[in-house]
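Protein chains: 2
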Amino acid sequence: MYQDQIIIDGLQYCHWNRDYFKSLRDSGITAVHATLAYHENARETLSQFAKWDQHFENNKDLIMPILEVEDIYQAKASGRVGIFLGAQNCSPIDDEIGLIGVMRKQGLLIMQLTYNNQSLLASGCYEATDSGVTRFGRQAIAEMNRVGMIIDMSHSAEESTLQAIDLSSRPICISHANPAFAHSALRNKSTRVIKALAERGGLIGFSLYPFHLPGGSQCSLSTFCQMVADTAEIIGVEHLSIGSDLCLNQPKQVLEWMRNGRWSKKMDYGEGSASNTGWPAALPWFNASQGMENIYSGLVEQGFSLEDTQKILGGNWLNFLREGLVLEGV
Amino acid sequence: MYQDQIIIDGLQYCHWNRDYFKSLRDSGITAVHATLAYHENARETLSQFAKWDQHFENNKDLIMPILEVEDIYQAKASGRVGIFLGAQNCSPIDDEIGLIGVMRKQGLLIMQLTYNNQSLLASGCYEATDSGVTRFGRQAIAEMNRVGMIIDMSHSAEESTLQAIDLSSRPICISHANPAFAHSALRNKSTRVIKALAERGGLIGFSLYPFHLPGGSQCSLSTFCQMVADTAEIIGVEHLSIGSDLCLNQPKQVLEWMRNGRWSKKMDYGEGSASNTGWPAALPWFNASQGMENIYSGLVEQGFSLEDTQKILGGNWLNFLREGLVLEGV
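Here the protein sequences come in this chain order: A and B. The first sequence begins at 9 in the working numbering and counts up one residue at a time. The second sequence begins at 9 in the working numbering and counts up one residue at a time.
Treat the hints as calculated values from the structure; they're not laboratory data. Nothing false has been slipped in among the hints.
As the list makes no split between identical chains, a pair holds if one copy fits it or if it spans any two.
Here are the simulated DSS-like pairs of lysine-lysine, each with C-alpha atoms no more than 25 Å apart in a straight line:
1) K113 - K68
2) K113 - K59
3) K273 - K260
4) K260 - K30
Make the full structure from the sequences, and use the hints.
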């Protein structure tokens, strides 16, 4: 049954507080990849770590940090939710290669090379020109491989992503994005990228963020599950997971921070528009953490075996982390 | 024999490079408390950690990081020198209580509350007024106790030190300073402080920095050992150790950084003077890491038993770290 499984959500950025941790725990979810930083620089990222230390201290009964794959089993056994931290951008390392190891030791397990825009490492998916992985980016990939920090290309551009897949000696992930064949969007991924990712042992997490879905907020559970099935046809079940991109209880200022950081003088609407500036309406079948159980049922109904469903809902993330987090260099 | 013992130097700030690591290894020393930061803020401290990561990566055959007391045994067994990192000031935590846990996780095992001047936490030994432990300082002491970061009051003022000893639930250290009865100096400690420190299980490390010694650079090994014996008379052998304050191969700019940081517009000469601006002349019997072996012989000649000599040269630090580094909160 769902409750007995290891369930992992490969991306959330909710308003983290005790009430939400309770609802997460009650939902039966085992572990969540939580976003620590969008545009925060190294110094600001330390404060984000300090905030999480405080969450862990104040909510020991509900959550625990995941630093290695064994911690996920411990979270499950103790009825708590494991949290593993990642950054949606390379801003936490500033311009300093040595901060990759520093941040990894601090508990940053996953880092995107770009967030929509050009970064010091690669091109983001919103840039007109995709110039691929930079000189610093090549060294950063090698260093991330060395220290066991997982590379995430969710918000990166096509050529940059293909190069990162190729340059990385370890499998990489696209923690939260959908295939462009299901819904065309700058944030979604071409079949070429998805195939290349899978060929090198990578993982893609299906996003529940309405802007990434066919039909947006109207996307039905069965349409979603059809997209999963269609992707499984192309690359197999082993490379599939969920990265819900759930952003519950966040004020609009947080959306604006995600979209604008400190780089834009005029308001940038990201995937929205001047006439549609806010958070998209939630999917009725995924408006809280219980959504994972709905997907579980939906995939079974779609025809996935229980075993394959369990892989998509958590088992594949577990295996991916088992390989991806092995510390070699630190 | 000396070579079989665990030998620990409780403070060095040498010019760290492969040649020096080789000379340390060849000296038979087991572990060194290395200063990571004097005035570096949180962001700059990250770069200091990154530098040490690079040292550890490039010199795996010679040195290894000490993060818990077992690592010291491992260093000894593998014939390498263990390095444990500390800060001579509270600058690495900026003004943020949560950075104590962050820095502790990164590997900052020891932190002074002040470096000569007033800090956000307490008064330094060069201030005209010693106002004791501040509001932030009281919380910082509790947090350092919680996470297992050792409090060091080497450069702090008298009343601040007495208060810190009293406020701290764990024993604290004065990693490098001498008793004022042996040589009067702002940096040396009153008998009242030394007694209070020992009563609460604390540790003092005798300094080899000439400005802290009777006779300065002319201080003989036997005069030094007499000071150790006189201190043992007052507080017993269990609380004594060595914190050499060795600063080999450092240019004068480093001395000026230590003394002036960014706080002084005109040159501050610290323990020197306008007519004596540079590093003091080295003690002939402690001008390199072999000095620890000279002290070992000197203490035996002074009449210390082999067992007591071994405690002073390393055993007491080992026991102090065993208690002091236990992680409670992180």
